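Colleague: In case you want the letters, here they are:
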Amino acid sequence: MNDKIKVGMADLKSCKKPEVLTTLGLGSCVGIILYDPVSKVSGLAHVMLPDSTQIRNNSNVAKFADTAVDKLIDDMVKLGANRSRLVSKIAGGAQMFSFDSANEMMRIGERNAKATKAKLAALGIRLLAEDTGKNYGRTIEFYSETGDLLVKTIGKEPKTI
Amino acid sequence: MIDNYDNLDSMHLDLLREIGNIGAGNATTALSQLINKKIDMGIPVVSVLEFKELAEVVGGEENPIVGILFGIEGEINGMMMFVLEQAAAHNLVNILMNKELTDFNDFEEMDLSALKEIGNIITGAYLSSLSSLTSLKIVASVPYMAIDMAGAILSVPAIEFGKVGDRALLIQTDFGGQKENVFGYFILIPDMPSYGTILKSLGMG
Numbered sequence: 001m002n003d004k005i006k007v008g009m010a011d012l013k014s015c016k017k018p019e020v021l022t023t024l025g026l027g028s029c030v031g032i033i034l035y036d037p038v039s040k041v042s043g044l045a046h047v048m049l050p051d052s053t054q055i056r057n058n059s060n061v062a063k064f065a066d067t068a069v070d071k072l073i074d075d076m077v078k079l080g081a082n083r084s085r086l087v088s089k090i091a092g093g094a095q096m097f098s099f100d101s102a103n104e105m106m107r108i109g110e111r112n113a114k115a116t117k118a119k120l121a122a123l124g125i126r127l128l129a130e131d132t133g134k135n136y137g138r139t140i141e142f143y144s145e146t147g148d149l150l151v152k153t154i155g156k157e158p159k160t161i
Numbered sequence: 001m002i003d004n005y006d007n008l009d010s011m012h013l014d015l016l017r018e019i020g021n022i023g024a025g026n027a028t029t030a031l032s033q034l035i036n037k038k039i040d041m042g043i044p045v046v047s048v049l050e051f052k053e054l055a056e057v058v059g060g061e062e063n064p065i066v067g068i069l070f071g072i073e074g075e076i077n078g079m080m081m082f083v084l085e086q087a088a089a090h091n092l093v094n095i096l097m098n099k100e101l102t103d104f105n106d107f108e109e110m111d112l113s114a115l116k117e118i119g120n121i122i123t124g125a126y127l128s129s130l131s132s133l134t135s136l137k138i139v140a141s142v143p144y145m146a147i148d149m150a151g152a153i154l155s156v157p158a159i160e161f162g163k164v165g166d167r168a169l170l171i172q173t174d175f176g177g178q179k180e181n182v183f184g185y186f187i188l189i190p191d192m193p194s195y196g197t198i199l200k201s202l203g204m205g
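Protein chains in written order, with this note's numbering: chain E, 1 to 161; chain S, 1 to 205.
Please keep in mind that the hints were generated in silico from the structure rather than gathered at the bench. The structure presented is a predicted model; accordingly, all values stated were derived computationally and were not measured. By construction, the Cβ of each residue, glycine as well, lies at the ideal position given by its N, Cα and C atoms. It is possible that some hints are incorrect.
What the hints assert, rightly or not - Under the rule of at most 27 Å between Cα atoms (straight-line distance), these lysine-lysine pairs were calculated in the DSSO-like manner:
{"hint": "1", "chain 1": "E", "residue 1": "134", "chain 2": "S", "residue 2": "52"}
{"hint": "2", "chain 1": "E", "residue 1": "152", "chain 2": "S", "residue 2": "52"}
{"hint": "3", "chain 1": "E", "residue 1": "17", "chain 2": "E", "residue 2": "117"}
Stated by the list, open to error - Estimated spans, in silico, between C-beta atoms of each pair:
{"hint": "4", "chain 1": "S", "residue 1": "42", "chain 2": "E", "residue 2": "107", "range": "33 to 41 Å"}
{"hint": "5", "chain 1": "S", "residue 1": "196", "chain 2": "E", "residue 2": "98", "range": "29 to 37 Å"}
{"hint": "6", "chain 1": "E", "residue 1": "98", "chain 2": "S", "residue 2": "101", "range": "18 to 26 Å"}
Unchecked claim - A partial selection of chain S residues facing chain E, derived with a Cβ cut-off under 8 Å:
{"hint": "7", "residue": "18"}
{"hint": "8", "residue": "54"}
{"hint": "9", "residue": "62"}
{"hint": "10", "residue": "69"}
{"hint": "11", "residue": "149"}
{"hint": "12", "residue": "150"}
{"hint": "13", "residue": "152"}
{"hint": "14", "residue": "158"}
{"hint": "15", "residue": "163"}
Working from the sequences, and respecting the hints, build out all of it.
Modeller: Right, here's the structure in full:
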């Protein structure tokens with residue numbers, strides 16, 4: 001099999017089958033998978049922040065949940081995906097450090113996951129599966145052929161969602 | 001006015017490097033006294049990195065590390081992180097607690113507390129020297145510790161940087177004992193306005 005397509009932090013990529021998309025060591029960031037089950041065109045975004053409208057320096061669209069999803073859809077449509085068929089899976093949004101304060105800023109993982117889900121819902125994209133929250137890092141691999149999302153964590157068995 | 005990391009020139013970077021040098025020097029001395037072993041310190045590296053390059057400095061996104069994170073407040077705001085390679089963390093705990101462990105699953109609560117406290121002491125030494133150097137008030141939070149993939153741990157400071165720009169500035173100093181293998185890094189992450197404050201306090205603005 002070809003090498004996996006690696007998506008870095010604040011980055012997004014799309015592909016056709018049978019390629020595999022991966023992002024390593026997701027912490028409070030969220031990995032968003034979009035997938036067209038018919039054409040099998042797939043996309044992965046590794047977003048860091050919930051909302052581009054809250055931040056002045058927002059030129060990198062891949063950094064934010066709202067703008068990354070829009071860009072990913074555009075890219076995937078160019079590769080032959082049908083917008084109305086898109087479904088999604090998400091992972092990440094952990095709280096890596098157990099801050100005792102209820103400070104909003106510190107709960108960024110949770111906010112990222114929430115903003116991602118809100119964005120997907122607003123676009124009518126069904127969320128098929130998620131593995132979010134908790135306090136550990138995740139490496140994810142998305143298999144465009146099968147639509148499986150493999151989630152790997154340290155000290156636990158990998159799981160497919 | 002510095003509002004972007006691209007505006008930092010080589011003089012600024014030299015000065016930040018010197019801060020890393022002095023801070024880590026004190027911290028290393030504190031650690032050395034704590035475990036009663038000789039510890040050497042590397043030359044600090046100041047780098048401006050893209051987010052996707054961040055985890056490379058600590059051995060790749062999936063490399064398991066120990067991160068001890070402090071919020072810093074006062075006249076300088078931001079975060080400070082003390083990073084240890086997994087094997088180094090084992091060694092430190094073993095030296096301090098007189099054990100011979102090689103797996104975090106075997107560590108007891110007490111061992112992890114000891115590790116956190118090491119982070120606390122040496123980060124305190126780092127920050128207090130930074131504070132005396134700049135005459136700025138710096139208050140550190142209690143330590144928060146996580147053991148996980150480097151990418152996941154570094155996402156926390158990266159997100160803070162992400163709010164103001166597309167790159168992260170690291171003042172990174174590694175240290176280690178030849179025989180003891182206690183290699184680790186300090187990563188100082190001031191927020192954007194704090195760079196101006198630090199540089200100004202040292203006569204450059």
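Colleague: Hints numbered earlier in the text: which of these fail when held up against the supplied structure?
Modeller: 7
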